[in-house]
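Respectively, the protein sequence lines represent chains A and B.
So the mapping is simple: our numbering equals the position in the first sequence, first residue as 1, plus 19.
So the mapping is simple: our numbering equals the position in the second sequence, first residue as 1, plus 1068.
Since no wrong hints were added, every one of them can be taken at face value.
Calculated cross-link-like contacts (lysine-lysine; reagent style DSS-like; alpha-carbon spacing at most 27 Å):
hint, chain 1, residue 1, chain 2, residue 2
1, B, K1124, B, K1136
2, A, K102, A, K76
3, A, K33, B, K1110
4, A, K28, B, K1110
5, A, K28, A, K90
6, A, K102, B, K1110
7, A, K89, A, K76
8, A, K90, A, K76
9, A, K89, B, K1110
10, A, K33, A, K76
11, A, K76, A, K28
12, B, K1178, B, K1110
13, A, K28, A, K89
14, A, K76, B, K1110
15, A, K102, A, K33
16, B, K1110, A, K90
17, B, K1124, B, K1139
18, A, K28, A, K102
The set of hints was computed from the structure by calculation and includes no laboratory data.
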Amino acid sequence: DGGITQSPKYLFRKEGQNVTLSCEQNLNHDAMYWYRQDPGQGLRLIYYSQIVNDFQKGDIAEGYSVSREKKESFPLTVTSAQKNPTAFYLCASTNTGQGGVDTQYFGPGTRLTVL
Amino acid sequence: GESVGLHLPTLSVQEGDNSIINCAYSNSASDYFIWYKQESGKGPQFIIDIRSNMDKRQGQRVTVLLNKTVKHLSLQIAATQPGDSAVYFCAENNAGNMLTFGGGTRLMVKP
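Turn these sequences into a full structure, and let the hints guide you.
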């Protein structure tokens, strides 16, 4: 099946540790995104990548880092510099065709909890 | 700044009734809008989209209406079912492939 997978589903981190969240897609989408969702709130953009080996900061990039070495993969690292990392993290992808903006499709999410 | 918002945070409807979820947007340059459904603990699921050259689009049991004059977007769900209970988000494109999301409306379906 085509789609976006995220792992792990649940992740626990001790304060001061870096953790990496995985996002993989087999939709052949060019663009990938990371969002953070806090309880009862909408999605806030952390980082995005329109093409391999290139990525841009979103609205809340501080304390996070990403890489885009392969088209299919866009891992997110939550560093110890992120002071309030407990949240639900969502990865999305979309085509970037000539037809203009297209729908973003989401993965199932990773819930990160800092102990 | 530009924003996407929702009129009601919670909507409670009787099973079988029609539901209408509203969304106001402020970026008059937006040309693409999406509605997502998010169940608890899951990622948002695409429901329906509409481009600004249309004012109505229908799917299976869902209809999206776009009123560009008053910058208003609505999602209509016909014959609401218990499985429709979720949080619904509207989103608009603000530049390129970037989307701005509203805060969400929780739909509760009473049996």
